[in-house]
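S.K.: Chain residues, written in single-letter form:
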Amino acid sequence: MNRIQRVALAAPALGLASLMAIAGPAGAATSSTQATLKPINDANASGRAMVDVSGTTLTVNLAARGLVPDQPHAAHIHFAAEARHECPTASEDADGNGHINTTEGGAAYGAVVVSLTKTGDTSAKSVLAVDRFDTAPAGKISYERGSIKVSSEVGKAVKDGEAVVVVHGVDYNKDGKYSGSEKSDLDPSLPTEATDPALCGVLNVSQMSSMPNGGVETGSGSTSSTEDAGLLGLGGIAVLGGLGIVAARRRHLVGNR
Amino acid sequence: MTDAGIGGDAPPSARRRRDIVRSVAAALLLLGGGAAVAVGLHAQQDDPPAAKEAGSLSSRPSAGVPSSAGSGTGPGADAAEPPSPALRPTRIRIPSIGVTSALTRVGQHKDGTLEVPQPGPDYDKAAWFTGSPQPGQRGPAVIEGHVDGTVNGPSVFYRLGDVKPGTKVHVTRTDGSNITFLVYAVRLFAKDHFPTFKVYGNTSGAELRLITCGGQFDSSRRAGGYLSNVVVFARQA
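Quick mapping for you: the protein sequence lines, in order, are chains A and B.
Sequential numbering of the first sequence, starting at 1, is according to our numbering.
Sequential numbering of the second sequence, starting at 258, is according to our numbering.
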């Protein structure tokens, strides 16, 4: 790209950039929280969640991998004022069956306050709305949902780093689906595999006062690829022309000899 | 060859004149063209160095502390200082790539993306994102800089892609004190798939993120032509 082209392109871009600069920073009322999701019940999964809080409205981003593929994974935000605001440990296996079920984790993370459904209601009423949760194709979840309404108590809890994200659904007998004779503590019509927690993480307050969105635009491209192509091109043609004349002269002289 | 044929018939004086004209034309083209190419090549600036990805981004850094430490207390807390308005960053030095820059400050656009230094006296300065922790505080302090200039030539972070794990980065603060960070990873991330959590997520100790543009350039792209960002990860030494 030559200089003139580059300047012509840069001018509108800079104009746009200065307009955006005038627009100023994002509203200060939004707080960001984030959780690293760690496996429980020997799930071979991992993930992370980010929740932005603006008053009583949440925006949730959740990514996970290694879950039981193509099975509905109920996912919730848990909170209770009296809970420890933590993920459960193995010592909380009250019935001694080797697994932490959803109820046994309650002392650590509290009750369901938000159901992370893909559509429709997001309240605790949808706690087991199996047909509206992500089914983790290939074991992966990539979930994003905004405008989730919560009570002011829950909004404050999330903002204060006291809420916990839990993703449910495990496969103890490794048959690729929710099965087994042990019934769910939440719904006896389901196997416990369908509702036992697989991933858990506390939503910690972000160390950023406001979380940046994506990368940065820190380049004009003025050093990328060939500069001064016009100068180089014309100069090169001139040199070739000159060489051509010299060659013709040489041939001419040789011919006259 | 027709020239030779005609030349053979022309009187010797006319032939000599024509030879002189041709010689002069050839000399002018060679000199002028050569000079143009020389000037063009002289002004030529190499592409920014392509970041050679190196180092580990494992969530368990060598300090043995998970990066997901809590919001206040936790194993990394001692390494970091409580925030103090007196300790804002003023200067960055990366001796291995010849960077010395006063730090300007940037915030965010309405869409949440980071602002960048605007054309003017601060354009070629590195910039600290004021929404990130102060360097030396716990968390990922973010310092960005342009890779190249508004019209032509390199900018402050032109050679950021040359940085390697183990490189020292020094940040000076308003009280004159210095903090040294050690680079532990260098990455090239597509802006389309920028790993926000990896780059801006909570850390257990005081860390630093240096960011500029890199990768392929696409002049048709709406905002800034580079398709990727070079991100350098460092933690307090």
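Just to be clear, a hint being listed does not mean it is correct.
Straight line, CA to CA, 25 Å or less: simulated DMTMM-like cross-link-like pairs of lysine to aspartate or glutamate [said to hold, decoys possible]:
no. : chain 1 : residue 1 : chain 2 : residue 2
1   : B       : K455      : A       : D160
2   : A       : K149      : B       : D449
3   : B       : K367      : A       : D185
4   : A       : K156      : B       : D368
5   : A       : K118      : B       : E310
6   : A       : K118      : B       : D419
7   : A       : K140      : B       : D379
8   : B       : K455      : A       : D175
9   : B       : K455      : A       : E144
10  : B       : K309      : B       : D449
11  : A       : K156      : A       : D70
12  : B       : K448      : A       : D187
If you are wondering where the hints come from, they were derived from the structure by calculation, not from laboratory data.
All values derive from a computational prediction rather than experimental measurement.
S.K.: Would you mind marking each hint as holding or not holding in the structure?
M.R.: Comparing the hints with the structure gives:
Between B:K455 and A:D160 the CA atoms are separated by roughly 22 Å; this keeps the pair inside 25 Å, and the hint holds. The suggested pairing of A:K149 with B:D449 is violated, with an alpha-carbon distance near 29 Å, which exceeds 25 Å. Note on B:K367 and A:D185: the hinted pairing is violated, with a Cα-Cα distance of about 45 Å set against a maximum of 25 Å. Pair hint A:K156 plus B:D368 holds up; C-alpha atoms about 24 Å apart against a cutoff of 25 Å.
About 36 Å separates the Cα atoms of A:K118 and B:E310, which puts this hinted pair outside 25 Å; it is violated. Under the criterion of a C-alpha separation no larger than 25 Å, the hint pairing A:K118 with B:D419 is inconsistent with the structure, at around 43 Å. The hinted pair formed by A:K140 and B:D379 fails the criterion: a straight-line CA distance of about 44 Å is larger than 25 Å. At roughly 33 Å between alpha-carbon atoms, B:K455 and A:D175 are farther apart than 25 Å, so this suggested pair is violated.
In summary, the hint linking B:K455 to A:E144 is supported, as the alpha carbons are separated by about 17 Å, within the 25 Å threshold. Annotation: proposed proximity of B:K309 to B:D449 holds, straight-line Cα distance about 20 Å (limit 25 Å). Restraint check for A:K156 and A:D70: not satisfied, since their Cα atoms lie roughly 34 Å apart, outside the 25 Å limit. For the hint linking B:K448 to A:D187, the alpha-carbon distance of about 44 Å lies beyond 25 Å, and the restraint is violated.
Checked against the numbered hints above, the structure breaks hints 2, 3, 5, 6, 7, 8, 11 and 12 and satisfies the rest.
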